[in-house]
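S.K.: Using the sequences provided together with the hints, build the complete structure.
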Amino acid sequence: MIEKITINNLLPEVFGDERDTECIRRSDVWLRHLSFEKPLSYMVFAESGTGKSSLCAFLYGSRRDYEGTILFDGNDVRGYNAEKWSQLRRAALAYLPQQLSLFPELTAIDNVLLKNRLTDYYSEADIRRMFEQLSVDHRADTVAGRLSIGQQQRVAIVRALAQPFDFLLLDEPVSHLDARNNDIVAQMITSHAESRHASVIATSVGNHLSIDSNKILRL
Amino acid sequence: MILHNPVSRLLGKNISVGQLAGYSIANFVGLAILLTALQFYRDTTAADNAADDSFVSADYMILSKHVSDLNTFQGKSSGFSDGDIAELRAKPWVEDLGVFTPSRFHVNGAVDFGGRGMSTHLFFESIPDEFFDVKPEGWGYNPSDSTAVVPIVISRDYLALYNFGFAASRGLPQLSEQIVGSVPLRLSLSGNGKRVVRTGKIVGFSSRLNTIAVPETFMNWANAEFGDSTEAAEVSRLIIRTDDPGNPEIARYFDENGIEVSGEKLNQGRAAYFLSIVSAVVIAIGLVICALAFFILMLSISLLLQKNKDKIHDLLMLGYTPRQVAGYYYRLVAVLNGALLVLALVVFVVASHLWKGLFGSLGLSTTGCGVTMLAGFGLMALVTAVNMMAIRRNVKRNFYK
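Respectively, the protein sequence lines represent chains A and B. Just so it is clear: in the first sequence, position 41 is 41 by this note's numbering, and no numbers are missing. Just so it is clear: in the second sequence, position 120 is 120 by this note's numbering, and no numbers are missing.
Wrong hints could be hidden among the right ones.
Calculated pairs, DSBU-like style, for lysine-lysine (alpha carbon to alpha carbon, straight line, at most 35 Å) [claimed, not checked]:
#	chain 1	residue 1	chain 2	residue 2
1	A	Lys38	A	Lys4
2	A	Lys84	B	Lys91
3	A	Lys84	B	Lys307
4	B	Lys194	A	Lys84
Non-contacting residues of chain B with respect to chain A, defined by C-beta distances greater than 12 Å in every case (computed) [to be verified]:
#	residue
5	Pro6
6	Arg9
7	Gly18
8	Lys65
9	Ile85
10	Leu97
11	Pro151
12	Ile179
13	Ser262
14	Leu343
15	Val346
One-sided and incomplete, this derived list gives chain A residues near chain B with beta-carbon spacing under 7 Å [to be verified]:
#	residue
16	Lys84
17	Ser86
18	Leu114
19	Leu118
20	Asp120
These aren't lab readings, by the way, just hints derived from the structure by calculation. Owing to the predicted nature of the structure, the values given are computational and were not obtained by experimental measurement. No residue lacks a Cβ here, since even glycine has one placed at the ideal position from N, Cα and C.
M.R.: What follows is the structure, encoded as structure tokens:
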């Protein structure tokens, strides 16, 4: 549904006064013309406070406080209504937010099923198998609020994958994982993206997702 | 389904049972008062019988000139001149005006009660048909048919006077309307040197007309046949229809012109006016309570949505549409308001049945409940629609952070 995401002169509104600073001038993203194309993978490196979560939120349509334009296959997303975004979020855009946004009162499996019932992409058994691959299967029926942050991150990754997508936005996907789990997650993400011929856009401040990215950008 | 659906489980969090109960009680009370008062108003003004028999529909007044001592001694009659009638007709509160035509011939009525005969002198009056509150079957008269029955409508007061005054004190049997209607009257009409006998029958009782009324066709024929043509046709009584019986202007005009209103219709008009004001006040109170309850619900819902703001936002982030999220709250409001409406409908229907019996024993008819039900339904539909709009707006606001 989306082949190419283009950004033109994009800048968060809060950075409006900082357009001439060193930080913005050095950026590969802000105030540049840039395209993300299927099925390439992108790694966006950023220092804290340079707006990586903002970039994800802009691309995912949950925030609009930016200047410049974002085009999905040439269409300005500012014209999209809530209904259109909801449709894209079920079929074309997957997103792992940095704050994970699991519902603490629901079990791990219910959190994923909550997404999956919209897309009907996997069976419950499939989801449990993915939990198993990420070593959280023993926690599937525990409420998310009682999981460790690393376990929550893995559950949230499974939830992000429980849908068809053209672009997978990962905001610091492995910030709370050790090297072994990082590799497992990276493997899973790569194989899921490949099977969908999809593009991955991952951000990172420190702990990088160990995938082979086609392009590395500095925010 | 509610329990197993994780969306309902999430959105149902933070629902304040206390607030919803408060709203339910307040709205139920308000709506019940409103609908009951509305039904009472409709019954007392009885839309479908305002044209005939309702005790507060004093839309008709019978007018006569004040009879003073002077009239009596000078033998001068107290009638309405053509000028008087024209002036009355021109008044804004007079919708229609009819003239009573009195009989100008002698009438003697006789009844046969199982061999015991009774006879009395009678008089008749007639008015145009549209002023009758009763439309008995067989109303009308064909003068060429000498066997035709003369239909008569008498004042209901006359029967009451007989039943509760005369019969009670003399030990005579009380008569129902049916019995009176079944007794044939032998009418002998005379004048102008002629005399005929006709059969009359009381076919109806009027609460509006304090007279013995016959069809105009009969009156015209009989007056022409037996009436004293040298006697000027004088109008001594009028009937008017007014849309505003409580208007103080009417009373003032009558006072100034020495016009009397029979049967205290003016007071009844004021009673009707007063009753309609009381009903309106009660309806207004019901509306105010409903409005307050409505605001409680609006506040409660916006508080609930505010508390669940993050959950709503996160669901929308997962790809749930605002309509799916709002749908949960729509159902909540619709079920709640629907239940309240049903309860309030039950209350007003039961209440109206209680006074229907009372009204019935007073000989007054009431109206159906359909219009009031429709009003209740309409009001709740409106309230629910406004609630839903507020929910939709509130949910949409959570779409963007």
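S.K.: Look at each hint and say if it fits the structure.
M.R.: The hints, checked one at a time:
no. : hint               : verdict
1   : A:Lys38 x A:Lys4   : 6 Å, holds
2   : A:Lys84 x B:Lys91  : 67 Å, violated
3   : A:Lys84 x B:Lys307 : 26 Å, holds
4   : B:Lys194 x A:Lys84 : 97 Å, violated
5   : Pro6               : 5 Å, violated
6   : Arg9               : 7 Å, violated
7   : Gly18              : 21 Å, holds
8   : Lys65              : 78 Å, holds
9   : Ile85              : 71 Å, holds
10  : Leu97              : 66 Å, holds
11  : Pro151             : 72 Å, holds
12  : Ile179             : 76 Å, holds
13  : Ser262             : 72 Å, holds
14  : Leu343             : 33 Å, holds
15  : Val346             : 38 Å, holds
16  : Lys84              : 10 Å, violated
17  : Ser86              : 4 Å, holds
18  : Leu114             : 5 Å, holds
19  : Leu118             : 5 Å, holds
20  : Asp120             : 12 Å, violated
Hints 2, 4, 5, 6, 16 and 20, counting from the list given before, are not met by this structure.
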